[in-house]
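Construct all of the structure, not just a fragment, from the sequences and the given hints.
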Amino acid sequence: MILFFILISLSASLLLWTNKLTILIACMGLLIAVFYPLTKRFFKVPQFFLGLAFSWGILMVSAAELDRISSTSLIIFLACFFWILAYDTAYAMSDKEGDLSIGLNSSAITFGKHAPALIVTFHLISLSLWSLCALLEKMSPIFYLSIFVCLGLVFIQFLLVKNEEPDKCLKAFKQNNWIGFSILVGTMLPYIMQM
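Using numbering that gives the first Met the number 0, read the sequence shown as starting at 0 and increasing by one per residue.
For the record, the hints were derived by calculation from the structure and aren't laboratory data. In this text, all values refer to a predicted model and were calculated from it rather than measured experimentally. Please note: incorrect hints may appear among the correct ones.
[Claimed, not checked] Derived pair list, reagent style PhoX-like, types lysine-lysine, alpha-carbon separation capped at 25 Å:
1) K170 with K43
2) K173 with K161
3) K39 with K170
4) K161 with K39
[To be verified] Across the chosen pairs, the derived CB separations fall in these ranges:
5) T17 with N176: 24 to 32 Å
6) I101 with S10: 26 to 34 Å
7) F41 with M192: 45 to 53 Å
8) D98 with P189: 35 to 43 Å
9) M187 with G56: 16 to 24 Å
10) F41 with E96: 17 to 25 Å
11) G111 with P140: 38 to 46 Å
12) L103 with S10: 27 to 35 Å
13) A32 with L183: 19 to 27 Å
We put the CB at the ideal spot given by N, CA and C, even for glycine.
In structure tokens form, the structure reads like this:
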């Protein structure tokens, strides 16, 4: 607990050089982070809160840099949110029996047999939002190649989760490293090539 307060204090000190909007968003993010561990007991889809918690920094960066939340930042926030819903639902499917045995909630339990289709749906929403962002920001065609790579990975994930076998669901979850890497490469490569 002492370490928690030390880390929060150090993190809060960084806010001294930002604006009021960033501080407000950071305080809201702290509440989400503090209450997230309790959500598996009280909410049917705690992955919703994980999506908020893990994506929240995007809003803080926009506020700190622009003193507002830009439309591009909001699109990226939503793209990350849906990606997190997708990959953490795959993880929840790998741990479904454990959660049921101790009375915890998860998207895998709540979505039931529809979980595999919803994982694909969440991924497709995320990739559509990434594509919209790329279109609005006039990103390089290289970025769209990364989207196609991601679509292939989503198809593989569907094959892994469709029968709800825990070990294959865990593989699908871990495969999301490659989705993140593909988005990163698609974003950075055009800039690296211009150097």
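Hints, verified against the model:
1. A distance of roughly 24 Å separates the Cα atoms of K170 and K43; the hinted pair therefore holds under the 25 Å criterion.
2. Simply put, K173 and K161 have alpha-carbon atoms about 16 Å apart, close enough for the 25 Å limit, and the pair holds.
3. For the given pair, K39 sits about 22 Å from K170 by alpha-carbon distance, which is consistent with the 25 Å threshold.
4. The suggested pairing of K161 with K39 holds, with an alpha-carbon distance near 24 Å, which does not exceed 25 Å.
5. The beta-carbon spacing between T17 and N176, approximately 31 Å, falls within the hinted interval of 24 to 32 Å.
6. The given range of 26 to 34 Å is respected by I101 and S10, whose C-beta atoms sit roughly 31 Å from each other.
7. Evaluation of the 45 to 53 Å hint for F41 and M192 yields a pass: the beta carbon distance comes to about 49 Å.
8. Distance hint check: the CB atoms of D98 and P189 are about 42 Å apart, consistent with the given range 35 to 43 Å.
9. At roughly 18 Å, the beta carbons of M187 and G56 sit within the given window of 16 to 24 Å.
10. For the hinted restraint 17 to 25 Å between F41 and E96, the CB-CB distance of approximately 21 Å keeps it satisfied.
11. Look at G111 against P140: about 40 Å separates their beta carbons, and that is inside 38 to 46 Å.
12. Checked against the given bound of 27 to 35 Å, the beta carbons of L103 and S10, roughly 28 Å apart, stay inside it.
13. Taking the beta carbon of each, A32 and L183 are about 24 Å apart, inside 19 to 27 Å as hinted.
The structure fails none of the hints (numbered hints given earlier).
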